[in-house]
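Converting from the sequence shown to the working numbering requires adding 3 to each position, the first position being numbered 1.
If you are wondering where the hints come from, they were derived from the structure by calculation, not from laboratory data.
Keeping only pairs whose Cα atoms sit at most 20 Å apart, straight-line, the calculated EDC-like set for lysine to aspartate or glutamate is:
#1 Lys317 x Glu127
#2 Lys111 x Glu97
#3 Lys166 x Asp203
#4 Lys309 x Glu103
#5 Lys226 x Glu382
#6 Lys416 x Glu402
Label pairs and their calculated CB-CB ranges:
#7 Arg332 x Gln206: 18 to 26 Å
#8 Glu358 x Glu407: 22 to 30 Å
#9 Gly390 x Asn224: 18 to 26 Å
#10 Lys405 x Leu269: 45 to 53 Å
#11 Leu269 x Gln435: 40 to 48 Å
#12 Gln240 x Lys403: 47 to 55 Å
#13 Gly100 x Ser239: 27 to 35 Å
#14 Lys354 x Asp144: 42 to 50 Å
#15 Glu407 x Ser239: 49 to 57 Å
Quick reminder that beta carbons are idealized off the backbone N, C-alpha and C, glycines included.
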Amino acid sequence: MRKIIILIIIITLAILIVIFFIINKKEPINSLIGTGAIISPTGNVIDWEKSSILGVQFDDQNLLVQDTVSSKTLVDLMAEEKPIKILIVPGHDEKSGGSEFSGIAERKLNVQLAYYLIDLLKEENNITADVVKNKDGTYADWFNQYLEENKLEIILFKENSRKIMEKTFKDISPSLNSFIFNNAPEETSLNLYAINKYIDDHQIDIVLHIHFNDHPRKNYNSKGKYSGFSIFVPDSQFLNGEESKNFALAIKNHLETIIPKSTHPLESRVIIEDQKLIAIGANVSRQNVSALIEYGYIYESQILSKNIRDVFLKELAFQTYLGIREYLRKENNQDTTLLPHTWDKNMKKGKGSSEDVLSLQMALKQESLFPPNNKSLQECALDGIFGNCTNQAVIDFQEKYKDETLEPLGYKKGTGFVDSLTISKLNELYSQ
4 MRKIIILIII ITLAILIVIF FIINKKEPIN SLIGTGAIIS PTGNVIDWEK
54 SSILGVQFDD QNLLVQDTVS SKTLVDLMAE EKPIKILIVP GHDEKSGGSE
104 FSGIAERKLN VQLAYYLIDL LKEENNITAD VVKNKDGTYA DWFNQYLEEN
154 KLEIILFKEN SRKIMEKTFK DISPSLNSFI FNNAPEETSL NLYAINKYID
204 DHQIDIVLHI HFNDHPRKNY NSKGKYSGFS IFVPDSQFLN GEESKNFALA
254 IKNHLETIIP KSTHPLESRV IIEDQKLIAI GANVSRQNVS ALIEYGYIYE
304 SQILSKNIRD VFLKELAFQT YLGIREYLRK ENNQDTTLLP HTWDKNMKKG
354 KGSSEDVLSL QMALKQESLF PPNNKSLQEC ALDGIFGNCT NQAVIDFQEK
404 YKDETLEPLG YKKGTGFVDS LTISKLNELY SQ
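Let the sequences and hints guide you as you build the complete structure.
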């Protein structure tokens with residue numbers, strides 16, 4: 004019996020030794036990742052320190068980094084009538100989830116807004132734009148094909164992004180501004196790195212990720228306590244950080260005319276630099292302009308309302324479009340999709356939301372009357388609800404044009420009730 008046991012041990016050891024040599028001879032991918040080597044599609048082992056992955060060129064003596072596209076370069080391309088390439092990435096899918104509230108799925112909102120934006124961008128002669136997903140939220144065929152044909156390179160791209168971060172940017176300070184995100188699932192992470200690699204491979208000038216926010220709380224059936232929008236960009240120490248921030252600023256300038264800035268303490272700066280968010284280039288995996296917009300929190304009234312959700316998403320897309328045009332130094336001839344508008348029904352204070360009231364709020368805003376009494380959009384949202392803020396703004400409008408809206412009725416003070424005379428004045432100013 005003892006001899007049999009010894010024989011089994013010897014055979015087992017022999018098998019393990021053979022396996023060891025076979026593994027070392029084949030040099031599996033896992034052993035190469037982290038050693039400074041990569042494998043090309045042809046099977047050749049390449050020293051990443053002498054490669055140009057991610058647009059970063061290494062040699063034995065010096066580290067040479069390609070310049071990121073600057074605003075001047077993009078403007079020059081526009082002047083030369085060369086198209087600017089833009090890729091829109093609506094966040095999340097059925098596997099990675101995203102926020103949900105009251106039956107509303109963030110991933111669907113993201114896609115809807117993305118296609119409203121892409122329709123606007125495609126009207127521009129010198130902009131080529133695409134969305135990475137279909138309208139049903141599935142990845143586009145061209146992206147699935149790219150992912151399938153380049154999966155190994157994408158995995159290595161992901162690993163070598165970290166290598167480059169460590170070797171090239173060892174002098175970069177850890178970001179004090181870095182926001183805390185849930186770690187992306189492996190498949191989601193790979194898809195995001197695939198998008199980043201595609202962007203660099205195809206020299207995309209601008210990439211914009213679309214999201215809606217949420218925050219952890221005990222009861223997800225109740226609304227959270229935060230609201231407002233924020234924009235995430237690469238850390239300013241990254242190659243594309245400064246220009247991405249300029250891009251985000253242009254969009255912020257337009258979004259803040261219709262939605263308030265985030266009230267979350269960690270988002271109070273609105274434009275937030277981050278080193279670890281994959282979508283905007285974690286581990287320096289992105290070049291050129293990159294940003295991720297959180298268009299407010301998913302439980303905010305404009306999103307919850309079936310009556311105005313669609314028109315409000317269109318307005319968010321339009322303001323983003325105006326921001327992109329501003330960044331590219333193009334003049335904007337229109338500043339909202341909510342006007343012109345024709346009113347034909349009386350309106351008064353109430354709880355429901357409507358497109359008529361939403362356009363009324365925008366008209367009052369154009370008159371510098373909304374929000375009233377120096378309040379903010381955080382206190383008085385553009386939400387299509389005829390509440391106290393809208394009521395006061397209507398009173399101020401009526402008193403501003405009292406000779407046409409009040410005096411014919413013998414009134415000296417505004418009523419807040421939008422009657423035929425007030426409607427007539429609104430239509431005179433904002434229906435054409």
